[in-house]
Every structure is written in structure tokens, then in C-alpha cells.
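Start from chain Y and add chain C according to the hints.
For reference, the chains in residue letters:
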Amino acid sequence: MATVVQRLRSIPQRPINRYSRLDNEPLKVLRLATASAKSLADVLGISAQLAEQIVSHRKKLPLGRCTDLYAIPGANRAAVERIRRRSLFESDNCAIITDLSPLTGRIMSHRPFAFRLGFAAVPKAQPVLARVAVEWAGRPFILEQGITKVNRKAGCVEVRFDRKHTLPPGPAVFRAVLSTRQGGQAEFRTTCIVLPSNPFSLSLSPSGSFVTGSFSARGVRNGNAFDTSIDVTLSNGDGSSVSVSPQFTWKFWDGGVGGSLVEQGTGNFGGSISVPAFGTWGGSIGFHSPQGSGVFDKFDSREDMTIEIIMVKTPNTNVSGTITARTMFQFGVNITRVAFEDFVGQENADLDAAAAVTRTIYERRDLTFTTDDRGIEQARVGGFESITSESEARDLWEQWSGPNTKNNIDAFVVNQLLIDGQFDGLDGDIPGPTSHDGRSSGTVQNKSGFVDASSGTRRLHVEYLGMLIGHELGHYLGLQHTNDAGNLMLANSGTTDTNLTYDQYRIIIRHGWVSID
Amino acid sequence: MVVKRRQIRKDPFRLNEPVARIEGGVRRASIVAWNRAFASIRARERLYSVLLRHDPDGISPRLSAPDMDILRQIATEGASANHVPVIRRNAILLLATSLTLDNLKLLAELALAGEDFYVRSHALLALGETGLELVAPLLRDALRAEEATERQAAAAGLRALAHRSGPGILRVLREKERDGATRISLDRILHALSEPPKQRARPRTTSRNR
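Chains as they are written, first to last, in this note's numbering: chain Y, 668 to 1184; chain C, 8 to 217.
The shape of chain Y in the complex, shown without the other chains:
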């Protein structure tokens, strides 16, 4: 018996400067006191008549605050909400970031680069400071830059990364914060693929991963076999497209490349592969290792391996990449929507993405989990969609649980969680019980909903909710709060606080619902 390539597919690629689904979209924002009727109608999507009424109204009375809009005939609640989301009033103390993108259209590895940060502001609250935080394969760092009069006039600032701040090829997340003197702030996130200057690279990552940095692919036991899925990314830093043979060679090494070879073989993506100029191509490979194969034996005895993928680009040059593969401790989670009919289409997709973010946070530290998507009907929810006290949360855990999933942690997501007037997450106990009985058997978290400024759709904040679910699961698995910067278990962890330490890992694997294949 030998390992075979079971699944192969190409992955649609996102733009190199908007590479993550979690990135913010560029936004057009209007200053309500000066915008023309045409731009009001075009940008805000309001009727031309209402736009004219706004312009004529502001000649008589200033539109200083949102409530002033209600004095205009035809400005109903829906219209006011639409206007408010995409415009600035003269009383606003906050500047809005409208876009963040590389100045030259791309970032090349190991070369200085600059970002153009576009913004909108009213005269009395101009931005004074721009900050860009960078998450990449190394340690995160920040660059701050004061904003000059020239910048304010231009409505943009260039944040320069000199030769001491160059980056290697691969994804990097850039988070900008723009502050006004009055303390107003706006944020913007974008992910860029740093293109190789040399000028071509092949990199491997676990399938469906969400974050930057290196971590391992996972061997998952399915009956008498292990399955391993990885993503391949080909990056082209050249000004012309590059042809790559769809055939590839795969190798599983014991330890690192050049150690002893466990198994090897070939695969074919089919068709032809052309990596666009200054662009990427992505594919996914699924390996199936039945009992009796060398890879199965290694996974079965908990040994790490290195997967190497070798492809050939024209003219006849090898490109290769490696990733560590290992089995992981795992547990199960019932992601349970409370009053599931209240979750509209995009919110369901966001919740799935948030669970994937949580899984990535744990898989970076060699722990994984399966999910069962569950729900409580609105008709039977009995008020639990809005929880305002710890005792209500404990009633929820006591009265509801997922059947046939006795080793899954019940993670309830509610429309409104507000405990002691502030907190947005709660866990039953540290560690949580290995039983669904009692008043401690689960976690509950606020769904972190908002209305998107650009589209007006209901969304969940994927990155934050993914972190929050992970934080509460961490408590259930035995973790207390910590003071380590960047740790998932900070009492006030934010979207970028996703680290777990080796000591925390050792606590988690002792929980009775965590096992290894």
C-alpha cells in the first residue's frame, strides 16, 4: 500500500494587494457639507430628489449632526442610515481611511516600498498620526508617521518602509490606524503578497489557512488511512507571465529534506499553468495514505515529516517548497447559533469563516478541532438570543446541548451577550466539564455583528469572533488569563492576540475531551 494523490484542484486567486477575505474594502466617503447633489446620489445610493433636498437644506441650515437630517422631507430612517454610513458631518472628530495600497502597485521582496494611505476628514478634525502595523513571517512591527499640512491637503500620506524594513516573499498583513488630535481613530486592514525579487517562488501552507507565518500541515485519520491537504502558491515577481508544468513531484521526508525519504510520487494538476506577471497561482493537493504505507506508519507513530513539492517552470528550472506535516491533538466544537433564523446569509458565511479563523489559531499550535454547525430554533429559544446575566448563560448551558456529540464543546453564539454591562464572552468553568450536564457545560459569545459601511449588509466581525470563540474555548480547555503580550488568553485580547505558548498547549492536551489519533 502506498500514498496516493487523491484530490487536486486549482484555487481562484485574490488580488495580490487584497489577498485575504478579511481585508477591508476601499471606501468612498463624502463630506456632507460640501458634496454635490450628484455625488451624494451616486456615492450614497440615495434618490436624486433627496440629494437635491440635502443640498438646498444645507444652504439654510448647517448639517452638523446626523439628527439634523430628519428635518429634511423624504429622509426616512433607511436613507439616514445610508447617508450616515458613508459621509462625514462637520461635528465628526474622526477621519476615515478610504484605502491602503502599495504606492507602486506591488511589494517586492527585500526591497524598500511605500504605502499610500488615503483618507477623508472634515477641516476641524484633521488626522495627525498614521500608524501601520505589519504581521509577516517574523516578529510584528509598527511604523508611525506624523501627518503634514501637505498630506492633509492631498488627502493621503505615504508611509515608507526603508531598507531596514524590507520583507521576504509571502503574505503580509498591514493594519493602518489614523488618528486625529481630538482622539478620533479609524482603522484599515489589507493583506499583500510580497512578490519574490529573484523572481519566482513556490510556497506551501495548510489548506484553508487564514494567517501569516509558518505552521504545520495536518494528517487527519479517516478510518484506516491518514489524509493530508496542503495548498501550493506560485508567486511571480517578473513583468511577464511564467509557464509551469502542471506535473509535480511530491516527497515525504522523515524529519527535514535530505533526511530519509518515506515516500515519493508524482501528480498532475492538468491543463496548463501560467502564473501572471506580478501575480500568483494557487492549487490544492490532497494526499491519501492507507494503512501499510510509509506515511501512515510515520503519522501513526506520531512522527513529524516534511512534505516537499517540486515543480518545473519553463525553461526547465525546478522550483520547490516544503512544509512540516504532523498529526495533531484534536477536540470537537458544536458551533451553535442561538435563534438561527436571525442569522442572515452573509452572517452564516461569516460564522463559518470565524470558526476557520479559530481553527487556524489552534492549528498554528498543533491543536485542531472538528465542528458541528448546530442551531436553536427561534420558536424554542425562550429569550436566550439575548443574554444579560451569568445566570441566564448557565440556564442556556443547562437546558441546551448538542446530541450525539458527547465529546464536543458546546459553543453558543448569541445575538446579544452583555454580562455585567460589558463582557462579550463567558465560559462555564476552567476547565469545563467532560459532560453536557450541569450549568457549566459550554461557552457563549456575542456574535460581534455590525452593518457593513460599504454595502449596508449585516456582517459578523470574522477576525474578532474567531479570536473570541478561541479565547472562550481556551478557558473550557483549562487556560486561565495571562499577561503575555499577543497571547490569545489576555483578559482583553484583540484580533491580533492569537498566540498560545507551549505551557498552554500542555494544559490543553490534558483535557478529557482532547485526544490524538
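These are calculated hints, taken from the structure and not from any lab test.
Positions of the beta carbon are idealized from the N, C-alpha and C atoms, including for glycine.
Some hints could be false.
Partial pick of chain C residues on the chain Y-facing surface, computed with a CB cut under 8 angstroms [unchecked claim]:
{"hint": "1", "residue": "19"}
{"hint": "2", "residue": "38"}
{"hint": "3", "residue": "40"}
Footprint (simulated), chain Y over chain C, 3 or more residues, beta carbon under 8 angstroms [as the list claims (entries may be wrong)]:
{"hint": "4", "region": "54-61"}
{"hint": "5", "region": "67-80"}
{"hint": "6", "region": "120-129"}
{"hint": "7", "region": "144-151"}
{"hint": "8", "region": "169-175"}
{"hint": "9", "region": "179-192"}
Below, a list of computed lysine-lysine pairs in the DSS-like style, where the Cα atoms sit at most 27 angstroms apart [said to hold, decoys possible]:
{"hint": "10", "chain 1": "Y", "residue 1": "695", "chain 2": "Y", "residue 2": "791"}
{"hint": "11", "chain 1": "Y", "residue 1": "816", "chain 2": "Y", "residue 2": "695"}
{"hint": "12", "chain 1": "Y", "residue 1": "695", "chain 2": "Y", "residue 2": "726"}
{"hint": "13", "chain 1": "C", "residue 1": "112", "chain 2": "Y", "residue 2": "727"}
{"hint": "14", "chain 1": "Y", "residue 1": "705", "chain 2": "Y", "residue 2": "820"}
{"hint": "15", "chain 1": "Y", "residue 1": "791", "chain 2": "C", "residue 2": "112"}
Below, chain C alone, put in the same frame as chain Y:
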């Protein structure tokens, strides 16, 4: 990126894993600007540690008057500012801990004309937490809101109000109310205040996977 073979890392997670060596190392120096004009920016960043707390831990934050200025600022920043939603929610809710005219004016404005139903809901909850009887009509009117989230927040706000200032105010509202649906909502809130929650049979969640 050059891979060095079989080098052992100090990180116990990565034992036996090839080390990816990055040209220029894994660190890049941060550059932080400082200016007296940025004091409010730093103060705001300190407040985030309060606004992002997840689990009840028995510690009540001490907030000063300048902190309240910043909270009011955060409370007015809309979705286009791209903040994590809980930051704005908690800023709105913390305004109820200091009953100044500025805070009450802003909460009332947000409850009536907030950017979306989430913002209005948070303001309604905060108004209920003030315990001031004068906010009762505003909460009562929100029981008729189009959005379920707002109606739930109004009911929760009225419950909070009754807890703080007694159920008498709800009874007065109930007596004066002419709208049938609102009367029923007020009855339910009054009933919930007087009755302990009933123990129900243990139901099961249903799966999307099956």
C-alpha cells in the same frame, strides 16, 4: 527564503522542523512617533484594555472625565472607521456609568438616530442601565422598533431600569399605554420580573451537518 536542514529550534512546537531563515532576521525595528499632540491618542489606546475585556472578572474600571470624552468619541465613530464592533458597544455602555448631561444627550441621540440597529440597541441598553425614569418613554417606544434586536434591547433596558429604580415605572407605563402590542410586551417584562424562570425539559440543538 533559505531552508536550513534539520536545525533544532528553541521553540518546542517546532522541534525537528526545518528553520526558515529570513534575510535580515526575524525582527524589524518599530518606529514610534511622539508628540504632545498625540496624548489623546495614547490615552485612547490605554482605554482599549478596558473596552476589550471578555469575561467577568470582578474588576470595575475606574474612568476619569477625560476618559469619558474619549468614550463619547468612540461611541460616535461609525462602521466606516472599521473598528471591532465590541469597542463601540462597550464605549456606549460605559457612558451609562457616569450620568453627565453630555453622556445622556449622546445616548438619547444614539438611541433615536444611531447609524444602525446595533448602535441604537446598545444605546437603549445603556439608557436602561442609568436607572433614570425619564428614559422610560424612549425605551417603551423602542418596543415597537422594526428590528428584533432593538426590541430585545428595549425590553432588556426596561428590565434593567426596573431593577435599578423599581417596577413602579413599568406599571405606570403599562397603565398609560394604548397600543395593544406594546401593552403585551410590557406585561411580559413585568411578568418576567416577578416570576423565577421555569425549568424546561432538556431539548437538543439541531445540526446543519446532518
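Hint-by-hint comparison with the structure:
1. Nearest Cβ of chain Y to the Cβ of residue 19 of chain C: about 4 angstroms, under the 8 angstroms cut. The hint holds.
2. Restraint check, residue 38 of chain C versus chain Y: the minimum CB separation of about 5 angstroms is within 8 angstroms; hint holds.
3. At its closest, the beta carbon of residue 40 of chain C sits 4 angstroms from a beta carbon of chain Y; the interface hint therefore holds under the 8 angstroms criterion.
4. Only when three residues or more bring their CB closer than 8 angstroms to a CB of chain Y does the claim for the region 54-61 of chain C stand; here the count is 7, and the claim holds.
5. Coverage of the region 67-80 of chain C by chain Y holds [criterion: at least 3 residues with CB-CB distance below 8 angstroms; count 3].
6. As drawn, the region 120-129 of chain C meets chain Y at 6 residues by the rule of a beta-carbon pair under 8 angstroms; at three or more, the given contact holds.
7. Judged by the Cβ-Cβ criterion of 8 angstroms, the region 144-151 of chain C is not covered by chain Y as claimed, because only 0 of its residues qualify and three are needed.
8. Proximity of the region 169-175 of chain C to chain Y, defined as three or more residues with a beta carbon under 8 angstroms from a beta carbon of that chain, is not established by the 0 residues found.
9. Chain Y is given as covering the region 179-192 of chain C, and this is violated because 0 residues of the stretch bring a CB closer than 8 angstroms to a CB of that chain, at least three being needed.
10. Distance hint between residue 695 of chain Y and residue 791 of chain Y is fulfilled; the C-alpha atoms sit about 20 angstroms from each other, no more than 27 angstroms.
11. Taken as a hint, the residue 816 of chain Y and residue 695 of chain Y pair is honoured in the structure, with Cα atoms around 22 angstroms apart against an allowance of 27 angstroms.
12. The straight-line distance between the Cα atoms of residue 695 of chain Y and residue 726 of chain Y is roughly 24 angstroms, inside the 27 angstroms bound, and the hint therefore holds.
13. A hinted pair counts as satisfied when its Cα atoms are at most 27 angstroms apart, and residue 112 of chain C with residue 727 of chain Y qualifies at roughly 25 angstroms.
14. Proposed proximity of residue 705 of chain Y and residue 820 of chain Y is supported: the alpha carbons are some 23 angstroms apart, at most 27 angstroms.
15. Annotation: proposed proximity of residue 791 of chain Y to residue 112 of chain C holds, straight-line Cα distance about 22 angstroms (limit 27 angstroms).
In summary, the structure is inconsistent with hints 7, 8, 9 from the numbered list given earlier, while agreeing with the others.
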